[in-house]
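From the two separate chains plus the hints, produce the assembled complex.
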Amino acid sequence: MNNMEKAIIINRIEDFKYWNRKYSRIYLGNEFCPRLLPRGKELDDIIKIIKKEKLKLTLLTGQVDSQGLRLMKKMFLYLTKGRILDEIAINDYGMFGYTLRKFPAIKIILGRMLSRSIILDENSYFYKTGLRRVEYDNLSEIQKIKSGNISYYYPYSFFYNSRYCPVADLGHNKLKNHGIIECFKECLRIGELKVNSSILAQPTILKGNAQFIKNKTDFRSLINFKINRLIFQPHVPV
Amino acid sequence: MKILSPIDKIEEALPLIKAGADEFYCGILIGNKNFSTMRSSSLKKSNLSGFGTLRKLVKLVKKKEKKIFLALNDSFINPRQSEVIERNLDKIKESGIDGIIIGNIDLMNRLKKSGLEIIASSLLETKNEETVRFLNEKFKVKRIILDRQITLDDIKNITSRFPKMEFESFIIEGGCRSLISACRRHLVTRKEYLDKKLSWFPHLCWFDFSIENKKIPFFSSKDKKVIAGRLTMPYKCCGACALFQFQKYGITSVKIVGRGFSTVRKVKNIKFIRDALNILERSYREEDFYRKTEKLFEKTFHKKCQRQYCYYPHFFNG
Numbered sequence: 058m059n060n061m062e063k064a065i066i067i068n069r070i071e072d073f074k075y076w077n078r079k080y081s082r083i084y085l086g087n088e089f090c091p092r093l094l095p096r097g098k099e100l101d102d103i104i105k106i107i108k109k110e111k112l113k114l115t116l117l118t119g120q121v122d123s124q125g126l127r128l129m130k131k132m133f134l135y136l137t138k139g140r141i142l143d144e145i146a147i148n149d150y151g152m153f154g155y156t157l158r159k160f161p162a163i164k165i166i167l168g169r170m171l172s173r174s175i176i177l178d179e180n181s182y183f184y185k186t187g188l189r190r191v192e193y194d195n196l197s198e199i200q201k202i203k204s205g206n207i208s209y210y211y212p213y214s215f216f217y218n219s220r221y222c223p224v225a226d227l228g229h230n231k232l233k234n235h236g237i238i239e240c241f242k243e244c245l246r247i248g249e250l251k252v253n254s255s256i257l258a259q260p261t262i263l264k265g266n267a268q269f270i271k272n273k274t275d276f277r278s279l280i281n282f283k284i285n286r287l288i289f290q291p292h293v294p295v
Numbered sequence: 611m612k613i614l615s616p617i618d619k620i621e622e623a624l625p626l627i628k629a630g631a632d633e634f635y636c637g638i639l640i641g642n643k644n645f646s647t648m649r650s651s652s653l654k655k656s657n658l659s660g661f662g663t664l665r666k667l668v669k670l671v672k673k674k675e676k677k678i679f680l681a682l683n684d685s686f687i688n689p690r691q692s693e694v695i696e697r698n699l700d701k702i703k704e705s706g707i708d709g710i711i712i713g714n715i716d717l718m719n720r721l722k723k724s725g726l727e728i729i730a731s732s733l734l735e736t737k738n739e740e741t742v743r744f745l746n747e748k749f750k751v752k753r754i755i756l757d758r759q760i761t762l763d764d765i766k767n768i769t770s771r772f773p774k775m776e777f778e779s780f781i782i783e784g785g786c787r788s789l790i791s792a793c794r795r796h797l798v799t800r801k802e803y804l805d806k807k808l809s810w811f812p813h814l815c816w817f818d819f820s821i822e823n824k825k826i827p828f829f830s831s832k833d834k835k836v837i838a839g840r841l842t843m844p845y846k847c848c849g850a851c852a853l854f855q856f857q858k859y860g861i862t863s864v865k866i867v868g869r870g871f872s873t874v875r876k877v878k879n880i881k882f883i884r885d886a887l888n889i890l891e892r893s894y895r896e897e898d899f900y901r902k903t904e905k906l907f908e909k910t911f912h913k914k915c916q917r918q919y920c921y922y923p924h925f926f927n928g
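Residue numbers (our numbering), protein chains in the order written: chain B, 58 to 295; chain S, 611 to 928.
Same shape as in the complex, but just chain S (with noise of 0.2 Å):
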């Protein structure tokens, strides 16, 4: 199982890499316009500034034998912006990038036959056999990004059906509590938080929420705040007990979220999954293995395992 690791600059590259980052991805900024995920921090900090940048980037990943992708991941990127991505594509493949991180089914059509390989971003929701189907049959798709909010029996039914596909899951870093797609915290988000010169993009789920009512009609008053609680999700969201269950499944990578924070930040996190997986590979048995990632979490960060804000927590619901 390799480590997928967000990159933003070339300077990262060695400290990332020897903290135990086996995959890159990236963005880049092409006439000063970004095409991937928007950042709540500034874009210039989670992009590469042009394809300079981005060639020189991928030549000292590959001299150290390690892949590195492209994001161009924007959901929202319509024809005008597929047009921009269409007439770089020569500069996108000269550049030996390993593939592109797509987000819009239009762009990868158009995109298809390219000569690129094409990986689903996370922002598509794959968690049923049809859409990797989908993917695959219509646009030639091989590889991957699992939505977050999916089971570990969605997981492994989904490996299980198409064995020679490559899939990446989530690990560490960011949640939702709301699926992408339905997403609209504009609509009711307060005006002061949608200032565009805010240096952060607040997410609804990084707040707190109180139930209004006086009553819940079957339930008990104090299961209000079990409810509100079930509304958040701050960072930092992390998912390393199910390693254990990602190697029977051949996930092929798990992916850390982070474009945009410190190298500090993003090597902590490197760092962190790597032991994980050093432990997984001394063969402990389930329990034993939560326990000791649990431990490993609490000694990295500083703070207890935050169950609450588990990627997959299914498993210690029994």
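In isolation and in its complexed conformation, chain B is listed as follows (with noise of 0.2 Å):
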């Protein structure tokens, strides 16, 4: 544990509360939606702390439409300008494809979005265009790579995410089906869900857009999973 790399994601500036030194790199973005990313004077803030106590960053990316996309290429560009990007965590083909051809010296990490519906091998193309880790939030789908990092996220393992946000602009529209719509950011109001359902094993949280359940995990087994970077979410990462 002790050689362990320690991330904390900071989804927001206030999130620096959780950090101390103990977390030598910052995962700063939103992988759920691209609306809530930090931009203006909380991402500037947000970069001094991260220079002022040289923390390593990452920049966290979700699934993106049109729209989504510009926001994070903007953000990327701030970041990279600024120097302080170490990594990016891609969760879309497109943000991959972006990064390869504007940003080849940037290291590639495989999100825990995408790397569940990836078989890797030695072999495997995203090996062979500079793929560096990749990343999960469940143990149970840990592949077994003989080579490259892994990396784990504690202590909630979403299962779902939508574009068709269930709390978006609630306040006015009331269609069950609303469709996928601008709004006033209500998930950061309303906070956590609990939802439950016959086909559940367990009540759920939702926050947002998406849903997550809470693990409870035996660090000691980490080191068998060849786990070389834990990433801590303070809270659902919404």
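There may be inaccurate statements among the hints.
Said to hold, decoys possible - The calculated lysine-lysine pairs, modelled on DSS-like cross-linking and capped at a C-alpha distance of 30 Å, are:
(1) Lys723(S) / Lys159(B)
(2) Lys655(S) / Lys628(S)
(3) Lys835(S) / Lys242(B)
(4) Lys825(S) / Lys774(S)
(5) Lys722(S) / Lys185(B)
(6) Lys832(S) / Lys233(B)
(7) Lys774(S) / Lys159(B)
(8) Lys619(S) / Lys825(S)
(9) Lys766(S) / Lys131(B)
(10) Lys164(B) / Lys750(S)
(11) Lys914(S) / Lys231(B)
(12) Lys752(S) / Lys619(S)
(13) Lys185(B) / Lys748(S)
(14) Lys722(S) / Lys130(B)
(15) Lys666(S) / Lys677(S)
(16) Lys913(S) / Lys231(B)
(17) Lys774(S) / Lys130(B)
(18) Lys164(B) / Lys619(S)
(19) Lys825(S) / Lys271(B)
(20) Lys185(B) / Lys825(S)
(21) Lys628(S) / Lys233(B)
(22) Lys273(B) / Lys834(S)
(23) Lys834(S) / Lys242(B)
Unchecked claim - Cβ pair distances, simulated, as ranges:
(24) Arg127(B) / Asn888(S): 36 to 44 Å
(25) Lys858(S) / Glu239(B): 17 to 25 Å
(26) Lys283(B) / Asn888(S): 56 to 64 Å
(27) Ser820(S) / Lys283(B): 36 to 44 Å
(28) Gly187(B) / Glu897(S): 14 to 22 Å
(29) Lys825(S) / Lys271(B): 15 to 23 Å
Just so you know, these hints were derived from the structure itself, not from any lab. Every residue gets a Cβ at the ideal spot worked out from N, C-alpha and C, and that includes glycine.
Encoded structure:
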């Protein structure tokens, strides 16, 4: 455990209250909704802290539509200009292609959304094009990779992410299928919701457009999975 | 605009063509193994039994001057399964198939020089122009099945940027509230529903949900029902009203979901979309087209258009 790199997800500046010196790396961004990316002064203030504390930076990205892509590109360019970006965690093939094309020097990580649907071996296209790391949030899904680095997110596993955000524009729009629409970031006001159903083995946590379960992790077992980076989620990461 | 229909057996070809299908996609069992997406019904029901059947089916479809594609789009294809596909490449080519549908980047990379036309599966979740560029430049993909959770604006943006490429959009049957790559229902589904002996494979979207919090900050308790309702998406999903936009955006083909479904159900879906396209040809105004298409839905499926299960609900949200 001592050799394990420890990182923390920072979705917004107030998340730094969960940070302490044991976390040498920051995962900045949002995998589930590009609308929640920190911008403007908030982003500048986050960067100041990262620079001051000499932390390593991974940009956390999710699936993006055309609008989300514009936001991601803007943030990506901003961070690379500031020369503080070390890695990008990818969960969208468009972002993967864009990074390869425009920023070949940036280290690419396969995020926890894409990693589960790709069976990797040494000859994989992803390794050949410079993939450095693969990430998971559930031990049962970790593949036996002979080489390469593996990260583990805890304590939350996601199992659902939708572009039809169930809380978007809730104050004005009561349609059951409101579509993929602009929102007022209702998710941040509503917070976590407990969801149940006859199909669910246990109640789940809904926040914004994603659902999660909380895992109990036996940290001693992580060595068996060749995990060499732990990523702490201080709250449900939306 | 063409209608792309699933096909599972030779006997279906003529009734589906008669109903109005222009193109088909099918799966195949190679050595009793399935290489396309998992179906809720049995694999035999949703796949052709082997290359002999595939050759006969392709011959029949070609005779009718229609196209047919082979789905090899399981995203979880491992290197050993990829080798099986590569070993059978000659048989796939000899069948005369018009293209192969792939949902796995590594397999796409292995087959990009095969001489077969590669169609990017919806499992690659294309909804931005960079994904189109990536698939086209790296793997020579010229046809892409767009993501289910794509907006009409994104379709317009993509088709206008890549006018030489072909795009397919979902039009009727299966929807999903979660992005495909994000749906890990096995982590939360009750054990009895995961029993492989079950004749159907339950999706979370088919079930009702409840929000258990007593109160929701800033909102009324009644809103809990709205939120819970937005988590479900049972069959039948439909996007026929968006044909109006698809025609303007130059969508090549509209995709009907339903490998493993009965021939009667497939025929009904094709006829509905064909009739909607016929309405579209009569150049009605946008609102009139929606109204007529909704009426057609009601007449065909004997139930009201369920807007809450629309693929592209944006246009009636104003």
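Do the hints match the structure? See the list:
no. : hint                              : in the structure
1   : Lys723(S) / Lys159(B)             : holds, 25 Å
2   : Lys655(S) / Lys628(S)             : holds, 22 Å
3   : Lys835(S) / Lys242(B)             : holds, 19 Å
4   : Lys825(S) / Lys774(S)             : violated, 52 Å
5   : Lys722(S) / Lys185(B)             : holds, 16 Å
6   : Lys832(S) / Lys233(B)             : holds, 13 Å
7   : Lys774(S) / Lys159(B)             : holds, 24 Å
8   : Lys619(S) / Lys825(S)             : violated, 53 Å
9   : Lys766(S) / Lys131(B)             : holds, 22 Å
10  : Lys164(B) / Lys750(S)             : holds, 25 Å
11  : Lys914(S) / Lys231(B)             : holds, 19 Å
12  : Lys752(S) / Lys619(S)             : holds, 27 Å
13  : Lys185(B) / Lys748(S)             : holds, 13 Å
14  : Lys722(S) / Lys130(B)             : holds, 28 Å
15  : Lys666(S) / Lys677(S)             : holds, 14 Å
16  : Lys913(S) / Lys231(B)             : holds, 22 Å
17  : Lys774(S) / Lys130(B)             : holds, 25 Å
18  : Lys164(B) / Lys619(S)             : violated, 47 Å
19  : Lys825(S) / Lys271(B)             : holds, 22 Å
20  : Lys185(B) / Lys825(S)             : violated, 51 Å
21  : Lys628(S) / Lys233(B)             : violated, 36 Å
22  : Lys273(B) / Lys834(S)             : holds, 29 Å
23  : Lys834(S) / Lys242(B)             : holds, 17 Å
24  : Arg127(B) / Asn888(S): 36 to 44 Å : holds, 38 Å
25  : Lys858(S) / Glu239(B): 17 to 25 Å : holds, 23 Å
26  : Lys283(B) / Asn888(S): 56 to 64 Å : holds, 59 Å
27  : Ser820(S) / Lys283(B): 36 to 44 Å : holds, 40 Å
28  : Gly187(B) / Glu897(S): 14 to 22 Å : violated, 51 Å
29  : Lys825(S) / Lys271(B): 15 to 23 Å : holds, 22 Å
In summary, the structure is inconsistent with hints 4, 8, 18, 20, 21 and 28 from the numbered list given earlier, while agreeing with the others.
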